[in-house]
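*Asks:* Note that the protein sequences, when read in sequence, are chains A and B.
Using my numbering, you'd call the opening residue of the first sequence number 20 and step up by one each time.
Using my numbering, you'd call the opening residue of the second sequence number 5 and step up by one each time.
It is possible that part of the hints are untrue.
[As the list claims (entries may be wrong)] DSSO-like, lysine-lysine: derived pairs with alpha carbons at most 30 Å apart:
{"no.": "1", "chain 1": "B", "residue 1": "LYS71", "chain 2": "A", "residue 2": "LYS412"}
{"no.": "2", "chain 1": "B", "residue 1": "LYS177", "chain 2": "A", "residue 2": "LYS246"}
{"no.": "3", "chain 1": "A", "residue 1": "LYS260", "chain 2": "B", "residue 2": "LYS9"}
{"no.": "4", "chain 1": "A", "residue 1": "LYS260", "chain 2": "A", "residue 2": "LYS412"}
{"no.": "5", "chain 1": "A", "residue 1": "LYS137", "chain 2": "A", "residue 2": "LYS125"}
{"no.": "6", "chain 1": "B", "residue 1": "LYS135", "chain 2": "A", "residue 2": "LYS332"}
{"no.": "7", "chain 1": "A", "residue 1": "LYS78", "chain 2": "A", "residue 2": "LYS125"}
{"no.": "8", "chain 1": "A", "residue 1": "LYS332", "chain 2": "B", "residue 2": "LYS71"}
{"no.": "9", "chain 1": "A", "residue 1": "LYS260", "chain 2": "B", "residue 2": "LYS56"}
{"no.": "10", "chain 1": "B", "residue 1": "LYS183", "chain 2": "B", "residue 2": "LYS238"}
{"no.": "11", "chain 1": "B", "residue 1": "LYS109", "chain 2": "A", "residue 2": "LYS260"}
{"no.": "12", "chain 1": "B", "residue 1": "LYS135", "chain 2": "A", "residue 2": "LYS335"}
{"no.": "13", "chain 1": "A", "residue 1": "LYS332", "chain 2": "A", "residue 2": "LYS246"}
{"no.": "14", "chain 1": "B", "residue 1": "LYS56", "chain 2": "A", "residue 2": "LYS335"}
{"no.": "15", "chain 1": "A", "residue 1": "LYS246", "chain 2": "B", "residue 2": "LYS135"}
{"no.": "16", "chain 1": "A", "residue 1": "LYS335", "chain 2": "A", "residue 2": "LYS260"}
{"no.": "17", "chain 1": "B", "residue 1": "LYS135", "chain 2": "A", "residue 2": "LYS260"}
{"no.": "18", "chain 1": "B", "residue 1": "LYS183", "chain 2": "B", "residue 2": "LYS109"}
{"no.": "19", "chain 1": "A", "residue 1": "LYS246", "chain 2": "A", "residue 2": "LYS260"}
{"no.": "20", "chain 1": "A", "residue 1": "LYS246", "chain 2": "B", "residue 2": "LYS56"}
{"no.": "21", "chain 1": "B", "residue 1": "LYS32", "chain 2": "B", "residue 2": "LYS177"}
[Stated by the list, open to error] These stretches of chain A come out as covered by chain B in the derived footprint (C-beta under 8 Å, 3 or more residues):
{"no.": "22", "segment": "36–42"}
{"no.": "23", "segment": "247–255"}
[What the hints assert, rightly or not] Between beta-carbon pairs, the in silico distance windows are:
{"no.": "24", "chain 1": "B", "residue 1": "LYS111", "chain 2": "A", "residue 2": "GLY418", "range": "33 to 43 Å"}
{"no.": "25", "chain 1": "B", "residue 1": "GLY140", "chain 2": "A", "residue 2": "ASP302", "range": "49 to 59 Å"}
{"no.": "26", "chain 1": "B", "residue 1": "LYS111", "chain 2": "A", "residue 2": "ARG47", "range": "18 to 28 Å"}
{"no.": "27", "chain 1": "B", "residue 1": "HIS10", "chain 2": "A", "residue 2": "GLY418", "range": "18 to 28 Å"}
{"no.": "28", "chain 1": "A", "residue 1": "ARG50", "chain 2": "B", "residue 2": "ARG181", "range": "36 to 46 Å"}
{"no.": "29", "chain 1": "A", "residue 1": "ILE219", "chain 2": "B", "residue 2": "ASP68", "range": "58 to 68 Å"}
{"no.": "30", "chain 1": "A", "residue 1": "LYS335", "chain 2": "B", "residue 2": "THR27", "range": "41 to 51 Å"}
{"no.": "31", "chain 1": "B", "residue 1": "GLY140", "chain 2": "A", "residue 2": "SER339", "range": "29 to 39 Å"}
Simulated from the structure, these hints should not be mistaken for lab results.
Glycine included, each C-beta is placed from N, C-alpha and C at the ideal position.
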Amino acid sequence: MGTITNNSIGRLSGLWTVFTKEVVDNLRDRRTLITMTVSVIIAPLFIIGIQWFSESKVKEETDPVTSPPFELPVIGAEHAPNLMNWLRQSNIRIVDAPDSPESSIKRGERRVVMIIKKNYVERFEKGKSAPVLLMHDSSIQGLEQLGMQKVRRSLAGYSNQVAAMRLQVRGINPELVRPITVNTSDISTPESRNGQILGILPYLIIMFIMAGGMYLAIDTTAGEREKGSLESLLTLPIDRKYLLLAKLLAAAFFSALTFLFVLIGLTVSMKYAPVDSIELVIDPARIIYLFLTCLPFVFVASGLLILVASFTKSYKEAQSYLGFIMMLPSMPLIFLAFLSPEASASNMWVPSLSQALIIIETLKGEPIANHLVALSMISSLAVAATLSFIAMKFYQREGILG
Amino acid sequence: MILAKHLSKSFSNIKAVSDVSFTAEDGKITGLLGPNGAGKSTTLRMLYTVFKPDAGTATVDGYDIQKQAMQVKPNIGVLTHGAGIYERLSARENVQYFGKLHGLKGKALDSRIDELADLLEMEDFIERRAKGFSQGQRTKVALARALVHSPKNVLLDEPTNGLDIMATRGLRKVILRLKEAGHCVVFSSHIMQEVAALCDDIVIIAAGQIAAQGTPDTLLEITEANTLEDAFVKSIGSEEGLI
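Produce the complete structure using the sequences and hints provided.
*Replies:* And the structure:
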């Protein structure tokens, strides 16, 4: 029997060696750098871009001084010349009606068409309610609704004015028919008004967390097997469990880094963005709070990615599964978008949903109760541990060598 | 020294290896010769601990490959079949990685890598990133990383696959040097001439079983053949897999 070379390696130093190798290896991968750069630049650009666009569009259409008049086709304009004058004063231009009003709305050429029938004159003169028909398509959402709102407001104003005149002629105080005057006082904080942005932000952040660790997760497991270096690695005196754990931590490291970059990118851009309507206060303290409270999701993400990548046979196969895996954490977010639930013990244990709620509420300036945040962190860590455990079991199989 | 005792391994219903026993001694080169799919790789995979045998076992320097895998691993150096290296790391970093995982570090590791670079004639590309390396260069890096911890036992699975003539000659030189240094070398090949040129002991495997084994001379005797090639064909019973 020959002399025995006994080079022992501690578990921790083995873990550290694999971890640092994967980090260095991945840093030299251009795809990783692209993902990270994109996360810093694109996410804020996207959010601020949308906001800037819609804001400038609304301004353009509603500003009483600078906005161009809204074109309103009217059928039977000759029956109500006084109303037409009123509309013109509210920056509405009366134009000739198209031949087929219905199809011109459907095609999107016109947003609203006003139809005044002959009996308008008759009923108006008798002091009865005179009918005006507004034809529009309510399935068209968003800014397209602005024209309709404008016409309605103007008509309501006209109606009120005529009503007041009629009452005064009869010697009645118009206030008599307005028993209640509604005054509103908006107490929402500037932060909580940014609903639109807050709707997209968690989704983007969670997708970037997933994307940040994705390449590493595939490359170090399915990729390593495909390239034929995994088998050599398995002949080394390091337990497979620690090998996989190191790879998982490396994936988590890049996910976390991407997450941090997105947060920093947002902070910087919020500060300098030329958008008035967003007043999210993202200060360093909130960034650190968000980063730490959502960190457990980073492990859920890398656990999920490593798990899939550890039972697939090739880079390509892994990628085709990962497309689906990327969708998993976005499903609870769809639930969030439709129902906008309040944070409670019944939903804060769900990974991705709970982190989304933490992000939203923190940026609104209405932080979630600490025990609910703790619930989110603990349950996400438990899910991450379970996923990693299953991945380790997969890694013990001989089948991983294909 | 490696002692294989009645190794058997099946995958689902296919018997890949059955009842394989042989001894690979220190200071000798043992060749596993056989056609493609004969079970050479599966046998080696059991020896280097990534597969568990269904029956039988083996020892490496007295350590059982199943019960003492963690003691076996530091004592073997493995060049796996079609071994890949990390393309974004330099040749040196590739070898360093494995060295560190064997518990080597610092100056000792660096000077060991320099030694291997000299032995394997890797000086020209040792600092270069591995992307774009030729097959010969890749094999050298993979071999260097298998030898970085100076293992007593060296297992090479089809090491000459994809190598050109010059690279094959270089590899042969390295294997002979390992033998001179007293290592136990086991290598598998489906190329008869290669085995004949190098090996002290030959184990011919066909269809998962040992067809014949012994020194080149004993093989000629047993099979009553004039050349090793005839001996090989006679022992596996067909011309399958000869090059």
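*Asks:* Take the hints in turn and mark each one as holding or not.
*Replies:* Going down the list of hints, with the structure as the test:
1. B/LYS71 x A/LYS412: Satisfied, since the Cα-Cα distance of roughly 19 Å is no more than 30 Å.
2. B/LYS177 x A/LYS246: holds, 27 Å
3. A/LYS260 x B/LYS9: holds, 29 Å
4. A/LYS260 x A/LYS412: holds, 8 Å
5. A/LYS137 x A/LYS125: holds, 25 Å
6. B/LYS135 x A/LYS332: holds, 22 Å
7. A/LYS78 x A/LYS125: Distance ~25 Å between A/LYS78 and A/LYS125 Cα, so the pair holds.
8. A/LYS332 x B/LYS71: holds, 28 Å
9. A/LYS260 x B/LYS56: Holds - the C-alpha atoms of B/LYS56 and A/LYS260 are around 17 Å apart, at most 30 Å.
10. B/LYS183 x B/LYS238: holds, 29 Å
11. B/LYS109 x A/LYS260: Given that 30 Å is the threshold and the Cα spacing comes to 23 Å, the pair holds.
12. B/LYS135 x A/LYS335: Status holds; Cα separation ~20 Å.
13. A/LYS332 x A/LYS246: Holds, at about 11 Å.
14. B/LYS56 x A/LYS335: With a Cα-Cα distance of about 29 Å, the restraint between B/LYS56 and A/LYS335 holds, given a limit of 30 Å.
15. A/LYS246 x B/LYS135: Distance ~12 Å between A/LYS246 and B/LYS135 Cα, so the pair holds.
16. A/LYS335 x A/LYS260: Holds, at roughly 24 Å.
17. B/LYS135 x A/LYS260: Given that 30 Å is the threshold and the Cα spacing comes to 29 Å, the pair holds.
18. B/LYS183 x B/LYS109: Judged against 30 Å, a Cα distance of about 26 Å means the pair holds.
19. A/LYS246 x A/LYS260: holds, 21 Å
20. A/LYS246 x B/LYS56: Given that 30 Å is the threshold and the Cα spacing comes to 23 Å, the pair holds.
21. B/LYS32 x B/LYS177: holds, 14 Å
22. 36–42: It holds: at least three residues are needed, and the segment 36–42 of chain A offers 3 whose Cβ sits within less than 8 Å of chain B.
23. 247–255: holds (count 8)
24. B/LYS111 x A/GLY418: 33 to 43 Å: holds, 41 Å
25. B/GLY140 x A/ASP302: 49 to 59 Å: Because 58 Å falls inside the window, the suggested range holds.
26. B/LYS111 x A/ARG47: 18 to 28 Å: holds, 26 Å
27. B/HIS10 x A/GLY418: 18 to 28 Å: Because 24 Å falls inside the window, the suggested range holds.
28. A/ARG50 x B/ARG181: 36 to 46 Å: holds, 41 Å
29. A/ILE219 x B/ASP68: 58 to 68 Å: holds, 59 Å
30. A/LYS335 x B/THR27: 41 to 51 Å: holds, 43 Å
31. B/GLY140 x A/SER339: 29 to 39 Å: holds, 34 Å
In the structure shown, no violation is registered for any of the earlier numbered hints.
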